[in-house]
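Listed below are the residues making up each chain.
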Amino acid sequence: MAKLWQRESLHFHFMLLPALALVIIFNIYPMSGIILAFKDFAPTKGIWGSPWAGWDHFKFVLANPESAKILRNTLIISFGKIITLIIVPVVFALLLNEIRLRWFKRTVQTVVYLPHFLSWVVVAGILKDILSLDGPVNWVFHHWFGFEPQMFLGSNHWFRSIIISTNVWKEFGFSTIIYLAALTSINPSLYEAAEIDGAGRFKKLLHITLPGIAMTIALLATLSLNGVLNAGFDQVFNMYNALVLDSGDIIDTYVYRSGLQSAQYEVATAIGLANSAVSFLLVVFTYSMASKFANYRIF
Amino acid sequence: MVQNKSFGSRSFDVLLLLFMAAVSIISVAPIIHTIALSFSQASLAAAGQVFLWPKGFNTGAYDKVFSDHQFFVSFWASIKRTFVYSGLSLFITVMMAYPLSRESKDFKSRNVYMWVFVFVMMFNAGLVPTYLTIKSLGMMNHFWVLVIPGLVNVYNAILVLNFFRNLPKELDESAGMDGAGAWRKLFQIYLPLSHPVLATITLFNIVNTWNEYFAAMIYVTKSSLIPLQTYLQQVVLTIDPTKVTTENVGLLTQVSGETLNSAKIAVTMLPILLIYPVLQRYFITGITLGSVKE
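Chains P and B, in that order, are what the protein sequence lines are. Reminder that position 138 of the first sequence reads as 138 in the UniProt record's numbering, one-by-one numbering, no gaps. Reminder that position 30 of the second sequence reads as 30 in the UniProt record's numbering, one-by-one numbering, no gaps.
Next up, chain B with everything else stripped away, as it sits in the complex (with noise of 0.2 Å):
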């Protein structure tokens, strides 16, 4: 190919960069400004003196969060829900990816099955009616309420089942004629070959949980229960300035309110921080496995 090199080509190219880089800066400027806040000390931060860097770098604020009591309790209710969610998802995803992915001649059931759930995905009760059916069926402050209602993910289901019918039609039938029943053939035959898809949709799960705060919302008052997204939402978007207790306002003038929801905002996108490396590998090829037919 030959490269074109005219002036206004090359020009050209250098103001892209600098666009891009640009561009690069203003996505994760905000994110580091909030890690450089919650490391400043609080009399600077409250003066909106600090920028992308730390001033008079302290963790005061990380001290004051690690010895919050709910901050804990909260950071472990949501490892455990993402874990156990993600877990169960995951095979129910699989169970129902492999019988929707059989051609309607070989599951004469399978189109009533595919309607009825792209259906519920479609066409949803609304708030008030779910709200009613979670409380009468006595699930409210329970850890369950958390992670049952959501299991079902439509979509991931679809992603599943699209991948298991590109793989070769031959393994399946030779399988079958070794005498495999249908459990056999999708725990050792498709399962092995799927893991692209498996590793895709059970990366997102663990960010979508892990981010899910409104569940816990409405069906949960049990502090115990209450995971961190949910904890953040009260305590750094609703707090109310006039009713600060007593005993806060020690707290407020030593550590200001933002370094120290600085240093929560931190910590609570820490592990979306940590896992993102792996996730970015995945997620291309995830978004393009759904686009792929046949």
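If we strip away everything but chain P, and leave its shape as in the complex, we get (with noise of 0.2 Å):
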């Protein structure tokens, strides 16, 4: 017994004894509560007692015309939000690394990766003030460009857009820190060289520090689609309101309206469960290309 004590690997599973019990009670324990989504739920009968309902609850989801509607959304907020949140960044980075000033640059970068910090919840309240009707921005196009005042955040034209760009906003300067990082670890003697070879700014941009980075952006681009179902819940959820349901609801809103504010249990959870399955299949696939071809790892 005392031999036994001294094992370190006995105190290895008493320091992971904490965290695993808190996985077992929030994380894996609910997994159980999926069976929801094959019962009809009698709350008298609780999960288990209830009548199996086998797979009518993805019948009728996969029935409703609201279904494509939503994953229309979802699918087009999040692409948008992928491609932007891969093109701006790049853009961004390659800009900011042809400044020599090394104040200027420092102050830059700063100030663009601040808005990451803000919650949804502070974004959402500064943004429904400048969109709004007699808002700065209203005024600017007005004032400016001679555009009527717009309705952005209640017009199904507009939404989308605008929870596209919002997100470019308060994320591109963040995304930009890994390309950063990349451009930095670029071999300095490849642009010496060119300069020898006479090739000017726009040439090494090009032929070296472009390819320098390519296979850092699609790394990241490999890795973002594993969020294609994931449109951001914060975000829709902290801005949308019921004019723009059409253009703005996303699975995540959706379930959250119809689980927890109608009560829709078993609906809900059907949704839910075919969303964590696709997505946990699309983590292991991105995650599994990803260390195949950049070797990347996570631990």
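Hints are computed from structural coordinates only; laboratory data are not their basis. Possibly wrong hints are sitting among the right ones.
[Said to hold, decoys possible] Quick list of in silico lysine-lysine cross-link-like pairs, DSS-like style, CA-CA up to 30 Å: (1) P/Lys105 <-> P/Lys204; (2) P/Lys292 <-> B/Lys222; (3) P/Lys128 <-> B/Lys222.
[Claimed, not checked] To give an idea of the chain B side of the interface with chain P (calculated C-beta under 7 Å), a few residues: (4) Ser27; (5) Val120; (6) Pro149; (7) Val152; (8) Ile158; (9) Ile206; (10) Val207; (11) Gln229; (12) Leu232; (13) Glu258.
Note that this is a predicted model, so its numbers are computed, not measured. Here a beta-carbon is modelled for each residue, glycine too, at the ideal position from N, C-alpha and C.
Two chains, two frames, some hints: make the complex.
Next up, the structure:
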């Protein structure tokens, strides 16, 4: 017994105990609740006592015209976010890299990272005022360009574009960090060699800098694909309203509304399960691609 | 390095600086606008006259915010939650990271644990089953529901374990020879060397907990537990102008919705703006640390 106590691995198990217990209670045990998706829930009988429903809830979801709309909104918004959050940070990093004034570069970086650290609640509060009918955005568009004031957050025409562009505004600076790190790891002697060969600034950008970070771009693009069913609950939830449900309702907001607000537990669980299962497969797929082609590992 | 000083290159530099200055202004203008609005006269704010500088400077909106009892209660609830969460989460993360940073030949069950943690990081039961679990555990309307369910952060643990792995193995071996056990090694050898990564995850934990609003929204109705972000969410984003009560009408005429809401938003983001100078020194290291292996 004394011998056993001295073994290091026993202490390792002890150290992991709190985390394991929490994960079992709050992550693994709830997975048993997934069977709700296959039950007709009767609160008096509990989850296990309720009668089975088979695939009925899934069939209901598939037959529901709402579903197609919600899936479409989710895909449009998340692809919009993925594409813009690759292009904008890459271009920004390349431009920032051309700046020689060190203090200026640092100041720009510090300033553009800031919005990332504010919550979507705060940002949505700010945007609600800025995008309102008598807000600064409408003022500028009206007085400078002569456009009629728009109800940006209440219009199905504008809502998705607003979601995608404000997401870029909040996150592009932070997404730049990885590309800037990749830029610093490019071998400086490549630039010297190119200069001797007579390459100008643009040629150097095109033939050294861009290929130098191409791998990082490809890697981050691959990894971002696992989030295509996640269009960003916090942002949409805090910015949408009843007027823009047609263009702005995404899977996560629909699950929240049907599950917790209307207490349609079975349908919400079924959608949540389908979402989690597909997302899980996407994560496994993108990580295996990333580790195969870019030797990417998380630990 | 020979600098290219052609006219084209120089004018490109100037344009670039102007462009970057514009991008920087766009990044912070909305934040500055909100602060300017909060210090402006209500009627001018409502007329859309305020841009980046207060018009009709006054602090009336802040008087209103600070006389709002619930605002104070929520501010305190947020502070309490943030500290308790950050402390406990750091402790659990460190205790996870040390065993998991061992080679699997030294700790045979390591891979089993790792798979469990990575699995729960990638697959979740979904909103409704999680909600029903919390409910059946009787945690609704309890302070700990805002802390405990999210305590295990697998990403943070991976960050710390990658950092531990980069420390020289000889340290661990020689401490072991001198008779140090697992606990002593963790707390007296590893932790004192890990300040950068511990500071990084603590700062991220503080920001994330401060910004979190959803858990309280679905699990808590007791006003003394509502964190600031949840309160802000309720009053600023979901206020319905048709349901303004009679005693609120007076308030609305003195201080317009815009200035009052802006003041609430400004105070809510204040702690983030205050720790940001500290934070921004760390997060770049933090992010690069996460991508370093072996």
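Against the structure, the hints:
{"no.": "1", "hint": "P/Lys105 <-> P/Lys204", "verdict": "20 Å, holds"}
{"no.": "2", "hint": "P/Lys292 <-> B/Lys222", "verdict": "50 Å, violated"}
{"no.": "3", "hint": "P/Lys128 <-> B/Lys222", "verdict": "27 Å, holds"}
{"no.": "4", "hint": "Ser27", "verdict": "5 Å, holds"}
{"no.": "5", "hint": "Val120", "verdict": "4 Å, holds"}
{"no.": "6", "hint": "Pro149", "verdict": "5 Å, holds"}
{"no.": "7", "hint": "Val152", "verdict": "5 Å, holds"}
{"no.": "8", "hint": "Ile158", "verdict": "5 Å, holds"}
{"no.": "9", "hint": "Ile206", "verdict": "10 Å, violated"}
{"no.": "10", "hint": "Val207", "verdict": "5 Å, holds"}
{"no.": "11", "hint": "Gln229", "verdict": "5 Å, holds"}
{"no.": "12", "hint": "Leu232", "verdict": "5 Å, holds"}
{"no.": "13", "hint": "Glu258", "verdict": "6 Å, holds"}
Of the hints listed earlier, those the structure fails to meet are numbers 2 and 9, in rising order.
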